[in-house]
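Q: Spelled out, the chains give:
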Amino acid sequence: MLAAIIDTGALLEVVWVSFAAGVGLTLAFSLAIAAASRATQQRRGGTLGSAIAWWVVTAVCALVCAAAVVTGVTVMLSK
Amino acid sequence: MDADLLLYLVVGVALAFDFTNGFHDTANVVATSISTRALRPRAAILLAALLNFVGAFLSLEVAATIASGIVESSAVSMSVIFAGLVGAIVWNLVTWYFGLPSSSSHALIGGVVGAVLASHGPDAVIGEGLLGKVIVPALIAPVLAFCVAGVAIIVAYRVVGRQRPGPVTRGFRLGQVVSGGLLALAHGTNDAQKTMGVITLALVAHGTLPAEDPEVPLWVVVSAATAIALGTYSGGWRIIRTMGSRIIRMDAAQGFSAQGAGAVVILAATHAGFPLSTTHVISGAVMGSGAAKRLSAVRWGVAGNIAIAWVLTLPMAGATGALVYGFSSLFGGGVAGPVVVAVLLVLGLIGLYLLRLRQDEVAAAEAA
Numbered sequence: 001m002l003a004a005i006i007d008t009g010a011l012l013e014v015v016w017v018s019f020a021a022g023v024g025l026t027l028a029f030s031l032a033i034a035a036a037s038r039a040t041q042q043r044r045g046g047t048l049g050s051a052i053a054w055w056v057v058t059a060v061c062a063l064v065c066a067a068a069v070v071t072g073v074t075v076m077l078s079k
Numbered sequence: 080m081d082a083d084l085l086l087y088l089v090v091g092v093a094l095a096f097d098f099t100n101g102f103h104d105t106a107n108v109v110a111t112s113i114s115t116r117a118l119r120p121r122a123a124i125l126l127a128a129l130l131n132f133v134g135a136f137l138s139l140e141v142a143a144t145i146a147s148g149i150v151e152s153s154a155v156s157m158s159v160i161f162a163g164l165v166g167a168i169v170w171n172l173v174t175w176y177f178g179l180p181s182s183s184s185h186a187l188i189g190g191v192v193g194a195v196l197a198s199h200g201p202d203a204v205i206g207e208g209l210l211g212k213v214i215v216p217a218l219i220a221p222v223l224a225f226c227v228a229g230v231a232i233i234v235a236y237r238v239v240g241r242q243r244p245g246p247v248t249r250g251f252r253l254g255q256v257v258s259g260g261l262l263a264l265a266h267g268t269n270d271a272q273k274t275m276g277v278i279t280l281a282l283v284a285h286g287t288l289p290a291e292d293p294e295v296p297l298w299v300v301v302s303a304a305t306a307i308a309l310g311t312y313s314g315g316w317r318i319i320r321t322m323g324s325r326i327i328r329m330d331a332a333q334g335f336s337a338q339g340a341g342a343v344v345i346l347a348a349t350h351a352g353f354p355l356s357t358t359h360v361i362s363g364a365v366m367g368s369g370a371a372k373r374l375s376a377v378r379w380g381v382a383g384n385i386a387i388a389w390v391l392t393l394p395m396a397g398a399t400g401a402l403v404y405g406f407s408s409l410f411g412g413g414v415a416g417p418v419v420v421a422v423l424l425v426l427g428l429i430g431l432y433l434l435r436l437r438q439d440e441v442a443a444a445e446a447a
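Each protein sequence line maps, in turn, to chains A and B.
Sequential numbering from 1 applies to the first sequence in this note's numbering.
Sequential numbering from 80 applies to the second sequence in this note's numbering.
So here's chain B without its partners, still in its complex pose (with noise of 0.2 Å):
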C-alpha cells in the first residue's frame, strides 16, 4: 500500500517537474521567433507545444536512465528520485521567477546527486561522470554556441547586406518558423524522455515493469509528451522576455542565426552522444549573434545574472534536493514524509500563484 501511495506521489511528482520543464524551456524555442516579430507569441507557443509533443514520440529509447554514471545506480531508490525531482521543480520555479533561464536537466541532476549524498554519502556519487557529463559540458555549450551563431550572422550580414531590408527580413523570418520548430521537435525528443525515464525507473523499482529491458508503457509516453507540452503551451513569460528581448534586441538575421547554430549544436551533439544544456547551447547563440554584430549590443550584466544561475543550479537544486530527502527521513523510512513534502509543495504553488497574482494586479493598477 505504502510502496503503490509512494509510487503515485513520485509519478505525479515527475509530471510536474515536466510541466516546469516544458514552460521552463518555452524561451529557448519561441523567444526569438517572437522578439523578431516571425511569429505571433500565442502562435509561437502553440507550435512549439505541438512540436514538443510529436517530439516526445519520435524515440521511445530511454536514453537517460536519471543520472547514470554520475551516481551508484544501486542508490537510487523512489525516495531519492523524489527528493530529486522535488529539488529541481523548486529550483525551476526560483528561476523562472526571476526570469533566469536554467538548465531542467542540471537541475534533475543536481537534486538526485544531493538526494543521493543525503541518503548513501558522497562515495555514492562518480565525481569523473559529474565533470565529464555536467560539468564540462556546461562550459562546453555555450562557447561553442556562441562563436557558431556569432560566425553565421557575420557571413549572413555579409550575403544579405547590400539587399532591401523588407524581403531579406521576411525571408529570415520564415526561416525561424522552420527552425524554430525543429529546435521544439529536438526538445520534446530529449526533455521528454527525462520524465520517461524517471517514471520508469520508478515502475521498475515498484515491481511493476521488469528490471532486464523494461519496456515503456504508452500511459508514460503520452502522459509525459502531454505534461511537457502542457507546460510549453503555459509558457514561461519571464523567461522569454529574458531571451527574446533583455541579452540583445535582434533583428530577424540574428534570431535565424541564434536558432539554426543551437539547432545545429544540439543535433550534433545529439548524434555524437555528447550531452548539451538546449538551455545553454540557445542562450549562448542569442549572446553569440548579438556580439558579433557590436560587442555593446550585449547586455552582459543579464548575460552575467544567467551564468550565475547556471553556476548555481546543480549545487541549489542538490541542497533541496538532499534537504527534501532529509526532511522525509524524519517521519520514517516510509511514504508519510514524502506525503508531507508533497502538500508542502503543493501549498507553495498556490502561494507563488497567488503572488503572482498579486504582482499583476500592481502592475496593472501602475499602468491605469
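So here's chain A without its partners, still in its complex pose (with noise of 0.2 Å):
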C-alpha cells in the first residue's frame, strides 16, 4: 500500500545520492585539510617534493569539493 503513495524510486535515488555525495564530500574536504596539514609539514621539514605531492593531493581533493558546489547550484538552478 505505502509503495503505491510513496514514489519508491524517488526515494531510493535520495537514499543512495545522499549517502554517496555526503559521505564522499566530507571524506574530500577531510583529505584536503589533512593533505594540507601534512603538506606544511613537510615543507617545513624541508622535503620540498613530498611537499609538493601532499599539495596536489590538497588541490585534487579541493577541485572535488568545489565540483561538489557547482553540482549543488546547478542542481537548484535546473528546479
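Note that these hints are calculated values from the structure, not bench results.
Beta carbons are placed, not taken as given, at the ideal position from N, Cα and C, and that holds for glycine.
It is possible that some hints are incorrect.
Here are some of the chain B residues that sit facing chain A, going by a computed Cβ distance under 7 Å [stated by the list, open to error]:
hint, residue
1, Leu218
2, Val222
3, Gln242
4, Val247
5, Gly250
6, Thr268
7, Val343
8, Leu346
9, Thr349
10, His350
11, Gly352
12, Phe353
Computed spacing ranges between beta-carbons, pair by pair [unchecked claim]:
hint, chain 1, residue 1, chain 2, residue 2, range
13, B, Val256, A, Thr71, 17 to 27 Å
14, B, Gly148, A, Thr40, 18 to 28 Å
15, B, Glu151, A, Thr74, 44 to 54 Å
16, B, Glu294, A, Ala53, 49 to 59 Å
17, A, Val70, B, Gly206, 33 to 43 Å
18, B, Gly240, A, Val70, 28 to 38 Å
Please dock the two separately framed chains into a single complex, following the hints provided.
A: Right under this line is the structure:
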C-alpha cells in the first residue's frame, strides 16, 4: 500500500545519492585538510618533493569539493 | 472592493508568513557556523540573508501551488489561504517562543488542510497525498540526515584524527562557510517560492492573473525575496541557541559534517522531486554528527522536545487554521472576518513583542 503512495524510485535515489555525495564530500574535504597539513609539515621539514605531492593531493580534493558545490547550484537552477 | 481588500490581506499575511519562515529557519543555516565560531553571529546572519534573497531569484518555477495533491484544488479559496497562513504564522511563533525548530512548510500545509477541513469537510483532503508528501517524508528526512552525517563524521575523524587540531579546525570552519552558504541558497530557492506560489494563487483567484499558466509578477518575486531575507536577518536567536548548542556541543568537523550532509540530502531530494523539510534534515544531521561521536553527547531530552514539536506541527497549525476559518465565517463570507483576524493577529504580535521586551529586561536585571 505504501509503495503505491510513495515514489519508491525517487526515495531510493535520494538515499543512495545522499550517502554517496554526503560521505564523499566530507571524505574529500577531510583529505584536503589532512593533505594541506601534511604538506605544511613536509615543507617545514625541508622535504620539498613530498610537500609538493601533498599539495597536489590537496588541490585535487579541493577541486572535487568545488565540483560538488557547482553541482549543487546547478541542481537548484535546474529545478 | 471586498475582493480587493481580501487580496491585500492575503498578500500581507503571506509576506508576514515569509518573514516568520525566514527568522524561524535562520537557525537551519547559521546555528552550526555560529556555535563552532566559523562565522561571527551577525556576519553569519547577514550572509544567510543575502543568499536567501539571491536564492529566491534562482528558480521562478512556481513548483508548489500550495498544498497541491494534498487538498482538492477546488477547495482552496482566498479565505482558506488566509486562514491557513494565519495558522502557520501562529505555530511558527509558538515554536519560536519555545526555541524549537519546526517545519514552516508543514505548518503552512497544516494550516491550509485545517481550513479546508473547516470549509469543505474531510472529503476535500487527499489522505494519500498527506501521507506520501508530508508524513512519510517527515519520518525519512531526519533519519536519513542522521545516518549520513553520522557516517560522514566518523570518516572525517578517521582522516584528520592524527593531524594538529589548529589547522584542522580552521579548515573545517572554512568549509562551513561554503556549506552554510549553499544551504542558505537552497533555502531561499525552496521557501521563498512557497510565498510566491501563495500570492500567485491569490492573484489568480482574484482574477488579476489568468488561471492558465500564470506568470509570477516581478513585484511578487522581489517582495517574497525581501521578506524572507529580512526575516532571516532579524534572526530567530532562541532556535539558533537550540540548534547550535543545546542539542550537542559541536566542534568544527561536526558542524561541517552536519551542514554538508544536510545540504546534500536537501539537494538530492530536490533533484529527485522528493519533498523533504530543511528543518527536519538539519536537525537530524546535527543529532547524527553528535551521536556518532558519543551517544551521550546528544541531549536526548531536547531532541525529544523537537520531535514532539514536529508531531504537533500539522495538527496544531491545522486546528488554528480551522479555528481562524470558522471565526472568520462568523462575520459572513466577506472580508469582515479576515479583517478582524488580521487586527487580532497584529495585536497578538504586539503583545508577544512586549512580553519579549519584558523578559529581556528581567534577564538583564538578573544578570546585573
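Q: What are the numbers of the hints that this structure violates, sorted from low to high?
A: 1, 2, 14 and 15
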